[in-house]
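**Student:** Protein sequences appear in the order of chains H and S. Using this note's numbering, read the first sequence as starting at 1214 and increasing by one per residue. Using this note's numbering, read the second sequence as starting at 1214 and increasing by one per residue.
Calculated from the structure, these hints are not laboratory results. It cannot be assumed that every hint is accurate.
Intra- or inter-copy, both count: the list cannot distinguish identical chains.
Here are the computed lysine-lysine pairs in the BS3-like style, where the Cα-Cα straight-line distance is at most 27 angstroms [as the list claims (entries may be wrong)]:
1) Lys1312 x Lys1325
2) Lys1288 x Lys1589
3) Lys1271 x Lys1554
4) Lys1554 x Lys1321
5) Lys1473 x Lys1554
6) Lys1473 x Lys1325
7) Lys1288 x Lys1321
A quick note: this is a predicted structure, and the numbers were derived from the prediction, not measured.
Protein chains: 2
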Amino acid sequence: MKVSTTLAATPGMETSKLSSRGFPTVVDVDLGDRSYPIYIGSGLLNQSDLLQRHIHGKRVLVVTNTTVAPLYLDKVVSALTNGNPNVTVENVILPDGEKYKDTDTLMKVFDKAIESQLDRQCTFVALGGGVIGDMCGYAASSFLRGVNFIQIPTTVMAQVDSSVGGKTGINHRLGKNLIGAFYQPQCVLIDTDTLNTLPDRELASGLAEVIKYGLIRDAPFFEWQEKNIQALMSRDPDAFAYTIKRSCENKAEVVSQDEKETGLRAIGNLGHTFGHAIETSCGYGHWLHGEAVAAGTVMAADMSYRLGWIDESVVERVNNILKQAKLPTTPPEMMTVDMFKSAMAIDKKVADGILRLILLKGPLGSCVITGDYDRKALDETLRAFCKS
Amino acid sequence: MKVSTTLAATPGMETSKLSSRGFPTVVDVDLGDRSYPIYIGSGLLNQSDLLQRHIHGKRVLVVTNTTVAPLYLDKVVSALTNGNPNVTVENVILPDGEKYKDTDTLMKVFDKAIESQLDRQCTFVALGGGVIGDMCGYAASSFLRGVNFIQIPTTVMAQVDSSVGGKTGINHRLGKNLIGAFYQPQCVLIDTDTLNTLPDRELASGLAEVIKYGLIRDAPFFEWQEKNIQALMSRDPDAFAYTIKRSCENKAEVVSQDEKETGLRAIGNLGHTFGHAIETSCGYGHWLHGEAVAAGTVMAADMSYRLGWIDESVVERVNNILKQAKLPTTPPEMMTVDMFKSAMAIDKKVADGILRLILLKGPLGSCVITGDYDRKALDETLRAFCKS
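Chain H extracted, bound-state conformation (with noise of 0.2 angstroms):
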């Protein structure tokens, strides 16, 4: 395993610096041949050569929505093209929305590849968050039995977060991510300057993964959140670039070790398992990704420590936190225990019937994943949250 954070154009210059400056931080990802590097800088889609070093074939997609296409699709279709005559490049505009992360919205990828009569050469572009990542890579994946792809993420949640590690897939009405597969992109090249279109929601809803590192492994990057959350939410750009440069290198890291979630990687899904309940039981769409984790988060930390694995400090600041994101600290008022246990028994991380979550325990930065904790605890948990 390794991960090397290196600066493409001029090593030695700092980081956090760089990203008005047009030079892209570089963190590489470190999966053997199927390595590649995420570029994070400001003004990326200006410059051409870092996208087509990435494109083998003559024919590309770029996978969008409703949404990002007027914003973006224009620029990066010329990213591609510039002096480059030999690349054509089709597109396909979905509607956009966690609702719309299912076999009939797949579909119309395959349908417009095929139309367009694309082959294996080809090379799928994800340009939009990570519901069109994940459905993007799944396309790619599966699409003359896999094609190239590369993942241009436009919101923080994309960046920091989903279109690293090569997770990809769709939902099934009855849970969240059920059918996909493990595929890695060529490149990842994330443009700071997109997340000015970001409306505020999906900016906080970003962040509930950034707190999760944290959490999770890197106690210095939590408390340095805690002390730039204001910068944060009012868009500083240095403080953004800082922010998806470190969560990209922790994400790195673990998917390095652990590239199929065997085991270490399911470290990632702290306040997961409550929150695709809650994402699952709502009904898609109706409350973000990341606002889920964090009430899962919450609910996580919560358990933790009634299990005695954590202090109440540690509580306090999760929830503290939390709320500076402007984040939901607590499950939608509609959801019941019932609703909360029938929902996590079809968890990906459920083994031979043991439900394993990921728990706090220990100081700041320590977590643990495991089926071997009190039931009452989680029961008390639930209840605690639910009113019913």
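Starting from the known structure of chain H, fit chain S onto it as the hints suggest.
**Tutor:** For chain S alone, coordinates are given in the frame of chain H:
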């Protein structure tokens, strides 16, 4: 690359006699950490330990169809559970036929797996022909981003070809197998007794792939087939045991060298580009896959001869053996030149706009994969086999 053929129970015994004694012949597919054995023999479904050694979790989902379920489902459930009370088996019975190899039918597998709350430790078992194997394998590759699976092929087509090598997938209305994954099973279990219930037309369809192996890389096997075609048509068990073993060895050797079909493996598609065009244009299910491949193989041989790449005698021998196998040697009358051309344009072997074909070249048992051929020869072949 290494392909070893061993006898699991009694090394040194003569292979072709083994089928009647219940000892499996084993052909190993060597793919590093994705290697697996193919067990071949009579009565193997009565040997519980063969299957059970490849089941790791406590839950199994058998995927089969309305034709095969009444014949073999109980037997397979017994083989999985005999002396093994910890394992529980679910099943999903799909409609039978190539026309159901689509997303709607695939979703029935996911629905059953999710409703049964199967987890990542579960195993999917494909019990049936090529359509079941392809769909079950693709479902296994995608369910919770990948679970174990086992192939129990019950047709000649599946036993000699489709169950080996990890190609899985479904059809799109515009073309065959355009959506899928490379995903290797834990083992392939071929009980040759299952051929006793196979309709004649299905049996002949499988022989088209057997004949293919001789033509592309194994002249002695082709010559053996010419001598033994009547024994095969009358279902002689020893002839079939040898045919299945030799076919699996050929397939395993090719797959070991080129798992993801970046080159060599494409030779297994002799006749398939023409054949897929027939299947797609006629509507899935009217012609069996092997019937379409048979006509396609004659067309590939015809085109190879027009290019001056093979002797006329090879064309004649191809025609003769296919006719003796009661397989078609011309496409259906409704096929036009334009139908072939438009279907072939979306074949997976198109690379940057150029259609590569597998053609015979040189002495019997030699072929090439090439986009470098005189387009006139292709046109002449299409015109020779189509009325318009």
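**Student:** Could you run down the list of hints and mark each one as holding or not?
**Tutor:** Status of each hint after checking the structure:
Proximity of lysine 1312 to lysine 1325 under the C-alpha cut-off of 27 angstroms is found in both arrangements, the shortest distances being 21 angstroms within a copy and 21 angstroms between copies. Neither within a single protomer nor between protomers do lysine 1288 and lysine 1589 lie at most 27 angstroms apart by alpha-carbon distance, with minima of 54 angstroms and 43 angstroms respectively. When the C-alpha separation of lysine 1271 and lysine 1554 is checked against a cutoff of 27 angstroms, the pair qualifies only between copies, where the shortest distance is 21 angstroms, while the shortest distance within a copy is 49 angstroms. In this assembly of identical chains, the alpha carbons of lysine 1554 and lysine 1321 lie at most 27 angstroms apart only when taken from different copies (24 angstroms versus 34 angstroms within one copy).
Only within a single protomer do lysine 1473 and lysine 1554 lie at most 27 angstroms apart by alpha-carbon distance; the minimum there is 26 angstroms, versus 41 angstroms between protomers. Taking identical chains as interchangeable, the C-alpha atoms of lysine 1473 and lysine 1325 lie at most 27 angstroms apart only when they sit on different chains, with a minimum of 24 angstroms there against 29 angstroms within one chain. Taking the shortest alpha-carbon separations for lysine 1288 and lysine 1321, only the intra-copy value of 23 angstroms comes in at or below 27 angstroms, while the best inter-copy value is 41 angstroms.
Hint compliance for this structure: hint 2 is the single one not met.
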